[in-house]
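Residue numbers (numbering that gives the first Met the number 0), protein chains in the order written: chain A, 0 to 426; chain B, 0 to 426.
Hints are supplied without guarantee of correctness; some may be wrong.
One copy or two, either will do: identical chains are not told apart, so a pair holds if it fits within one copy or between any two.
[To be verified] With a straight-line Cα cutoff of 35 Å, these simulated DSBU-like cross-link-like pairs (lysine-lysine) come out:
#, residue 1, residue 2
1, K125, K113
2, K113, K94
3, K195, K213
These are calculated hints, taken from the structure and not from any lab test.
These figures come from a predicted structure and were not determined experimentally.
2 protein chains.
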Amino acid sequence: MPERDDIVVMKFGGTSVAGPAEIKRAAGRIVAAREAGARVVAVLSARGKSTDELVSYAYEISDHPDPREMDMLLSTGERISCALASMAINDMGHKAVSLTGSQAGIVTDSSHTKARIVDVRADRIKETLSQEAIVLVAGFQGVSTDSRDVTTLGRGGSDTTAVALAAALGASVCEIYTDVAGVFTADPRIVPDARKLAVVSFDEMQEMSASGAKILQLRSVEYARNHGVPIHCRSSFEDLPGTLVLPESETMERPIVTAVTHSDDESRVTVVGVRDEPGVAGRIFGALADANVNVDVIIQNEPIGEGALADLSFTVSREDLTTATGVIDGLGDISNSVRTDERIGKVSIVGAGMRSHPGVAARVFEVLGEQRINIEMISTSPIKISCVIAADQVPDAVRALHAAFELGADAVRPEDPTGEHRPTVSP
Amino acid sequence: MPERDDIVVMKFGGTSVAGPAEIKRAAGRIVAAREAGARVVAVLSARGKSTDELVSYAYEISDHPDPREMDMLLSTGERISCALASMAINDMGHKAVSLTGSQAGIVTDSSHTKARIVDVRADRIKETLSQEAIVLVAGFQGVSTDSRDVTTLGRGGSDTTAVALAAALGASVCEIYTDVAGVFTADPRIVPDARKLAVVSFDEMQEMSASGAKILQLRSVEYARNHGVPIHCRSSFEDLPGTLVLPESETMERPIVTAVTHSDDESRVTVVGVRDEPGVAGRIFGALADANVNVDVIIQNEPIGEGALADLSFTVSREDLTTATGVIDGLGDISNSVRTDERIGKVSIVGAGMRSHPGVAARVFEVLGEQRINIEMISTSPIKISCVIAADQVPDAVRALHAAFELGADAVRPEDPTGEHRPTVSP
Chain A
0 MPERDDIVVM KFGGTSVAGP AEIKRAAGRI VAAREAGARV VAVLSARGKS TDELVSYAYE
60 ISDHPDPREM DMLLSTGERI SCALASMAIN DMGHKAVSLT GSQAGIVTDS SHTKARIVDV
120 RADRIKETLS QEAIVLVAGF QGVSTDSRDV TTLGRGGSDT TAVALAAALG ASVCEIYTDV
180 AGVFTADPRI VPDARKLAVV SFDEMQEMSA SGAKILQLRS VEYARNHGVP IHCRSSFEDL
240 PGTLVLPESE TMERPIVTAV THSDDESRVT VVGVRDEPGV AGRIFGALAD ANVNVDVIIQ
300 NEPIGEGALA DLSFTVSRED LTTATGVIDG LGDISNSVRT DERIGKVSIV GAGMRSHPGV
360 AARVFEVLGE QRINIEMIST SPIKISCVIA ADQVPDAVRA LHAAFELGAD AVRPEDPTGE
420 HRPTVSP
Chain B
0 MPERDDIVVM KFGGTSVAGP AEIKRAAGRI VAAREAGARV VAVLSARGKS TDELVSYAYE
60 ISDHPDPREM DMLLSTGERI SCALASMAIN DMGHKAVSLT GSQAGIVTDS SHTKARIVDV
120 RADRIKETLS QEAIVLVAGF QGVSTDSRDV TTLGRGGSDT TAVALAAALG ASVCEIYTDV
180 AGVFTADPRI VPDARKLAVV SFDEMQEMSA SGAKILQLRS VEYARNHGVP IHCRSSFEDL
240 PGTLVLPESE TMERPIVTAV THSDDESRVT VVGVRDEPGV AGRIFGALAD ANVNVDVIIQ
300 NEPIGEGALA DLSFTVSRED LTTATGVIDG LGDISNSVRT DERIGKVSIV GAGMRSHPGV
360 AARVFEVLGE QRINIEMIST SPIKISCVIA ADQVPDAVRA LHAAFELGAD AVRPEDPTGE
420 HRPTVSP
């Protein structure tokens with residue numbers, strides 16, 4: 000239970016506010032937290048598919064919608080959710096006030112459609128909380144510091160709004176409500192005996208988000224980690240505790256492998272015959288970064304023989320593929336040709352215990368080899384091993400790795416060994 | 000044609016931005032005005048029925064949606080229109096910037112869902128115009144001066160936004176684009192030979208708007224009159240000039256009757272047996288005004304005989320009926336009972352020339368009598384006569400009066416006798 004006057008930030012995703020029934024259910028959760036004594040700030044996403052609808056309106060008008068205007072358009076969805084939830088809460092006898100991102104003090108840079116939060120000026124939220132009201136904040140949006148324009152934070156940006164507010168307000172927890180029960184050892188749609196994890200560390204969650212786990216947006220995990228904001232991922236459709244995302248503590252058990260994640264919306268770009276001169280790779284990836292393309296795995300083969308040229312391959316999300324090839328074409332005469340492959344997937348294992356256990360990579364390659372799955376690219380971090388494979392082999396790879404590392408049945412993790420980080424609100 | 004750097008305000012209603020094709024057509028009009036040399040501020044309504052949709056979302060959640068939250072909800076519709084039109088204009092090679100009511104400097108009081116404009120701080124619009132951009136402003140909304148909340152101006156409020164901006168910017172004209180070609184001598188759906196008027200005076204337009212003409216919202220006409228803003232009502236679907244609404248000039252011809260207007264969404268409240276003491280009527284109409292109920296026609300019969308009580312009848316729009324009866328019930332023991340009649344209509348004739356021509360009222364009663372139409376209540380002004388009649392007799396009454404005052408064929412008005420008030424932009 001929260002201490003009296005603890006601030007709790009609760010974030011509800013699109014499926015959790017999809018229609019009137021869902022909005023009322025979310026309102027009920029919010030009111031329960033308030034009645035348990037917490038001061039509540041709730042961050043809402045746009046209802047269900049409404050953002051997709053708005054995007055399609057834009058493309059009915061223009062093939063290249065102006066980004067500033069795109070933000071003006073898209074920011075309306077979350078405002079609608081907040082106004083409706085606020086009406087529901089007011090009907091339940093509590094005072095609720097909805098705020099736009101701008102009113103909530105979410106100040107961003109001017110990168111329209113993918114703005115970054117540069118400041119949170121939470122005075123109005125604090126003032127409203129002090130008037131005993133529940134505050135509802137439109138997620139995913141802010142106001143640019145220089146031009147006072149509406150900005151959006153990019154897809155999944157509502158998670159970041161919630162974490163940023165939790166940090167700025169010193170909230171005891173940031174609860175992320177979605178249509179799944181928490182963070183699992185693998186996608187339960189692929190692995191039926193996948194297990195819900197009670198606790199994961201920020202490091203692990205960051206690797207999992209980066210490697211395909213959709214439950215939390217990567218940026219929000221980074222933000223939470225940097226500001227030490229405990230996250231509780233849980234279902235808006237059941238009352239059970241979900242998964243806590245916490246700083247790694249001394250006493251926290253570190254299983255070798257915590258989870259298997261995957262992604263099947265990757266694509267690969269191969270720059271064939273890269274000109275053999277210093278700085279070419281820097282120009283390529285600098286230009287991609289300028290175009291806001293997130294490059295994931297990179298490999299470059301060693302040219303063999305006199306005058307041979309290198310091939311450079313990298314993966315990007317499929318939606319960035321056209322931008323990526325456009326950027327490389329724009330660099331002019333740097334290579335012989337560019338090849339793309341849209342049917343690329345990736346499977347990863349993540350676990351904080353890998354730091355102190357060598358040999359995990361070898362076991363991963365062995366397991367995939369037994370399944371006759373060809374590994375096309377490899378990328379590792381101290382707590383993650385990712386293998387790029389054919390997209391249609393991803394489900395088999397996930398199941399084989401989940402079984403090989405015994406994530407389903409055995410490897411039981413304690414609920415929360417520290418006892419310090421229980422979810423603070425369980426309406 | 001506008002002078003170089005003349006400011007023109009163009010307002011497009013819901014049907015004029017209903018879908019992608021309509022939005023592009025409106026964008027084309029705006030661009031044409033810009034290319035003709037004007038600096039353009041366009042005010043847009045929400046697309047088609049989208050405001051009704053938003054209202055229905057609210058009532059799915061709550062029977063009495065919180066007014067502040069209703070405004071947060073409803074204000075999104077116009078923002079969507081503006082963002083989309085802005086994308087279309089940017090695609091046509093012109094720079095366009097959309098602004099919310101708040102960004103445009105529309106400052107209002109705090110009467111949510113029916114706020115009044117108290118100030119227009121047009122600095123940001125002027126700054127944006129000076130950067131050679133077309134400015135699109137979300138109609139119908141503002142920001143409250145005290146609490147910095149989003150407010151809306153009530154139905155039809157976008158007309159008022161447009162006129163207020165035209166006044167604040169010293170625009171040469173405020174063009175109101177709708178799905179009708181201008182102001183007619185009667186509703187052409189009822190009277191096939193109704194004629195489009197080239198010019199009407201503010202006085203006439205005000206009476207016409209008040210008595211049922213839907214083309215311009217009453218408040219916007221009052222605002223235009225008070226600030227001397229010429230209005231041009233025209234169709235967004237054809238290029239012909241529409242109707243100019245102008246101050247009455249010395250040389251302007253004043254026909255006795257300019258137009259027949261009607262309304263069939265009225266209802267009547269009769270307070271039966273009003274307590275016979277001073278101040279009761281004041282209490283009733285004061286309380287109705289506090290509840291923002293617009294009372295139209297009022298009559299009170301003279302009690303006959305010792306101790307007899309008066310009956311007080313008045314008409315209100317049908318959507319205000321429940322509020323009105325609730326207000327009277329709330330006043331306690333002031334009468335014996337309250338009766339309501341929802342099937343009430345009203346027919347009116349309007350004409351600046353009536354000031355100097357007595358006998359018009361008599362002719363109206365005679366015409367309606369010939370049609371065997373019972374007149375239940377009468378209300379007059381120097382340039383208007385209104386008769387409350389049964390709702391189902393309204394069309395017959397309109398046709399009879401239009402014919403009797405020869406509004407269709409003869410009574411030809413000069414296009415614009417002063418020659419000073421031609422529409423300044425004809426894209």
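Checked hints:
no.	hint	in the structure
1	K125 with K113	both (27 Å within a copy, 28 Å between copies)
2	K113 with K94	both (33 Å within a copy, 21 Å between copies)
3	K195 with K213	within (14 Å within a copy, 60 Å between copies)
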